[in-house]
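Colleague: Below are the chains, spelled out letter by letter.
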Amino acid sequence: DAKTTQPPSMDCAEGRAANLPCNHSTISGNEYVYWYRQIHSQGPQYIIHGLKNNETNEMASLIITEDRKSSTLILPHATLRDTAVYYCIVRVAAGANNLFFGTGTRLTVIP
Amino acid sequence: IAGITQAPTSQILAAGRRMTLRCTQDMRHNAMYWYRQDLGLGLRLIHYSNTAGTTGKGEVPDGYSVSRANTDDFPLTLASAVPSQTSVYFCASSVLAGADTGELFFGEGSRLTVL
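Quick note, the sequences are listed as chains A and B, same order.
For what it's worth, our numbering labels the leading residue of the first sequence as 6, then goes sequentially.
For what it's worth, our numbering labels the leading residue of the second sequence as 95, then goes sequentially.
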């Protein structure tokens, strides 16, 4: 499985957009980009995933570059409750068991 | 909707003792996983099961065993606990069939301290 690179930490002002980058330069053609987050000591929570098109849901938007070597998770209006560790993962949609979470980006939303 | 239930939520254990962490899901998912999370190391896959009756090793399987007698349950056993197994353990599940989106559903974790 391809690995990902994320900055260890980021700050964002409350109400502003949070843009979390992820590099996945060795991603394969059949691998999706997934984002999860972990709030405090809770279990990780799925946010969004995509293959090559940009995706949006009620939680966030995912922008994937045309060469698929990097992506950005966008939280359009960050709230204090979005403070968490965000993990970017690449994997095939089904069948892959070595899901590498890495250490993620710790996002702190500042009042 | 319960989703994934882990037990116990926390446990202090003497080194050398046997311990089983329980995980039950009510979503009829095919695949189940056990991860451990240690400070600075993120989540690491211990064992997984693609379907009832089958299991596989993840990144850090040594010192752990699993079984998958049925779809719902996926217990993780430490035969003889050591202090390095002090960690937070997360169980997860996924559909792994048909229109699977690849999403993993996680439990709330079991905090284990081995003294």
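Keep in mind the hints are simulated off the structure, nothing from the lab.
Warning: the hint list may mix true and false statements.
[To be verified] Here are some, though not all, of the chain B residues that point toward chain A, as calculated from beta-carbon distances under 10 Å:
no., residue
1, 111
2, 152
3, 157
4, 158
5, 159
6, 182
7, 197
8, 198
9, 199
10, 200
11, 201
12, 202
[To be verified] Listed next, with one range per pair, are the computed distances between beta-carbon atoms:
no., chain 1, residue 1, chain 2, residue 2, range
13, B, 177, A, 71, 22 to 28 Å
14, A, 58, B, 121, 24 to 30 Å
15, A, 24, B, 195, 38 to 44 Å
16, A, 71, B, 109, 52 to 58 Å
17, B, 205, A, 50, 42 to 48 Å
All C-beta atoms, glycine included, are put in the ideal place defined by N, C-alpha and C.
Colleague: Each of the hints needs a verdict: does it hold here or not?
Modeller: Hints, one by one, checked against the model:
{"no.": "1", "hint": "111", "result": "24 Å, violated"}
{"no.": "2", "hint": "152", "result": "7 Å, holds"}
{"no.": "3", "hint": "157", "result": "19 Å, violated"}
{"no.": "4", "hint": "158", "result": "15 Å, violated"}
{"no.": "5", "hint": "159", "result": "17 Å, violated"}
{"no.": "6", "hint": "182", "result": "7 Å, holds"}
{"no.": "7", "hint": "197", "result": "5 Å, holds"}
{"no.": "8", "hint": "198", "result": "7 Å, holds"}
{"no.": "9", "hint": "199", "result": "8 Å, holds"}
{"no.": "10", "hint": "200", "result": "3 Å, holds"}
{"no.": "11", "hint": "201", "result": "5 Å, holds"}
{"no.": "12", "hint": "202", "result": "5 Å, holds"}
{"no.": "13", "hint": "B:177 with A:71: 22 to 28 Å", "result": "49 Å, violated"}
{"no.": "14", "hint": "A:58 with B:121: 24 to 30 Å", "result": "28 Å, holds"}
{"no.": "15", "hint": "A:24 with B:195: 38 to 44 Å", "result": "24 Å, violated"}
{"no.": "16", "hint": "A:71 with B:109: 52 to 58 Å", "result": "53 Å, holds"}
{"no.": "17", "hint": "B:205 with A:50: 42 to 48 Å", "result": "18 Å, violated"}
Going through the hint list in order, the structure does not satisfy hints 1, 3, 4, 5, 13, 15, 17.
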